[in-house]
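Model the full assembly from the supplied sequences, consistent with the hints where possible.
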Amino acid sequence: MLPIGLNGFPLILGVTGYPQSIGNEWQQLVEKVCVPRAEFDNLRKKIEVYEKALQDAVTDPTRRQELLHDAVSPVSYSSSSSFAPSGTGAPSTSHGQPSGDQPSGDSFIKAETTDDGQTLSPGRLLQDSEGMGKYMGETAGATFMDHLKEFIRAALPISPQDRTSTVNQSNFLSTLGNYTVDDQRPLNQAVNPLWLPPDSTVVAVLSELRHFIQDGGGHWPSGGMYWWGDLSSVPARAPAMASSDMDLGAYRHLAFYHAALAVACQSTSTQPPPSSGARPSPSEPYYARAAMLLRNPLEIKRRTIGDVASLALMSFYLVETNQPDAAYMYVAAAMHIGVMLGAHRGWVDERGKRLFWSVYCLDRWLSCLTGRPATIADEAIQLPLPDDDASMPPAAGLRAHVELSRISGHVVGNTYHGGGTEAGVGQPGGAIRMLEQWQSTLPPSLQLTNGLSNDPAACLLHMRYNQLLVVAIRPLVLSAVKRAVVGRLMAQSPMTSSASQTGHLKRCIAAAVHNMALARHLSSLNGRRKTLHAGLHFIFHAAVCLILRPLVLKMEAFPQDELSATEDVGNLKATKLTKLTKLTKLTKLTKLTKPIRLLGPKSE
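Residue numbers are given in UniProt numbering: position 527 of the sequence shown equals residue 527, and the series is strictly consecutive.
Everything labelled a hint here was simulated from the structure, so no lab data went into it.
Heads up, some of the hints might be wrong.
[To be verified] Result set (SDA-like, lysine to any residue): computed pairs, CA atoms no more than 25 Å apart in a straight line:
| hint | residue 1 | residue 2 |
| --- | --- | --- |
| 1 | K554 | R507 |
| 2 | K506 | K554 |
| 3 | K134 | L67 |
| 4 | K301 | H344 |
| 5 | K45 | P61 |
Structure below.
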């Protein structure tokens with residue numbers, strides 16, 4: 001008789017069984033194992049539930065057998081590369097649905113395990129609207145949401161029958177395995193790349209843009225998080241009667257202004273970002289002009305530090321219009337050109353230094369946003385941090401942003417992988433200590449008073465700090481949710497988190513609460529201006545944490561700040577925070593709350 005494990009975990013937790021070597025050794029020492037009848041019946045019931053869940057998830061019997069065979073093999077993962085050996089079965093999505101030529105997102109990366117046996121959440125290949133698989137790594141919010149949806153779908157069919165409410169899976173779970181972006185939107189080619197609005201319009205728009213995304217027009221004590229270039233000068237124009245054979249390369253400097261005007265139109269408009277089926281946004285012609293002037297970013301002839309600024313602003317624009325894949329490519333091009341010009345080794349003046357570090361911060365943000373590798377390693381950079389200069393804004397904000405971006409790179413590269421010092425989901429302490437050190441050494445101009453600041457750049461920096469706390473602790477959140485739900489489904493007391501893990505979970509919820517308060521304050525500071533993509537991203541994932549809170553922590557009394565933040569989640573659709581509802585998919589949050597209520601603890 002095979003040994004029966006006394007600490008088996010349900011399949012939906014993704015926990016592996018005993019290693020083969022332990023099983024063989026046990027068989028040699030023990031012939032029979034006696035367990036209580038109740039426990040035996042409970043284990044048999046679990047097996048029936050697992051088999052039903054597997055049949056629902058993978059309808060193809062052949063594929064099911066292959067998965068079972070892989071599960072008991074010493075090496076239980078397969079490559080999803082197109083060069084994988086034949087005979088591995090027809091590819092399918094991780095959710096049991098045919099995917100054509102797309103490989104399985106679940107098998108793309110070998111799942112690592114922590115010291116306590118829990119399996120780390122790997123990155124996934126999520127399908128865009130065209131059916132193309134896009135890799136989203138572990139820190140990507142899309143990956144976390146996909147794992148959460150997968151777990152909810154697996155748990156709901158076996159939830160207690162005393163709940164009369166049902167979940168319309170077409171609303172929330174239908175997006176399982178999908179990734180909604182606007183990267184497929186075609187570029188408008190019917191534009192004159194040399195045309196610019198009147199000088200008075202250019203000056204007014206660039207002044208507004210400088211105030212919003214750079215340094216507050218010189219009024220922010222921090223000096224801002226980024227420095228993109230001189231946004232106060234008027235460009236030299238091309239001749240009014242340009243000939244058809246004119247060399248556009250001679251006017252490539254205009255690309256910077258077109259990119260800036262595109263960002264300005266997008267950031268100050270009250271309209272949602274453009275989609276493939278919508279009327280063109282006023283920002284699109286400016287972006288198209290910039291793209292035409294820069295031509296192929298891979299053509300490096302006569303590239304200058306000015307091209308780095310243009311490409312970086314284009315990447316910033318693409319982020320704001322929900323095109324992260326294209327933004328990831330453009331910021332990589334900007335970084336590579338900067339490296340070829342020697343910027344990473346100090347062959348630049350203060351302006352070039354600030355521009356390089358701004359590109360670095362944007363690159364690290366996109367890396368965290370998508371869960372993909374950053375363009376350049378920290379070890380390759382030998383460039384001092386920005387210095388204060390009388391002719392430029394204060395450098396404190398950009399310096400702090402660079403240091404925070406370094407920690408972001410650590411979170412992406414180390415927290416979720418076994419190669420670093422804190423391998424495993426159960427050990428986010430290293431990242432938390434780095435973040436605490438960053439916060440404790442901030443200059444007075446970046447410190448908060450009563451948790452807030454009247455400097456929008458300082459608010460965004462602290463929101464990103466809180467978001468990195470959320471990202472570092474989020475695997476523990478998902479594990480806590482699974483333990484709580486499994487305890488209810490199996491009618492047994494859920495496994496409790498250790499004291500250190502409970503502390504981390506409370507820290508995560510506190511970070512989410514603080515981000516909601518900062519978002520509320522930032523919205524009042526910005527007035528009619530939009531909340532930038534980064535801020536909306538922070539709001540969305542703070543809201544997700546607050547929705548999951550009843551499953552993550554015991555139902556103790558909510559502090560007043562948590563009650564206020566929770567009310568914000570419920571009122572998101574009625575506030576300024578949802579001006580870009582298409583971008584943030586905040587409407588999905590209302591559809592997440594219902595399945596969480598079904599899986600959560602009963603209200604007394």
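A quick look at each hint next to the structure:
{"no.": "1", "hint": "K554 / R507", "verdict": "holds (14 Å)"}
{"no.": "2", "hint": "K506 / K554", "verdict": "holds (11 Å)"}
{"no.": "3", "hint": "K134 / L67", "verdict": "holds (23 Å)"}
{"no.": "4", "hint": "K301 / H344", "verdict": "holds (19 Å)"}
{"no.": "5", "hint": "K45 / P61", "verdict": "holds (22 Å)"}
In summary, the structure agrees with every hint in the numbered list given earlier.
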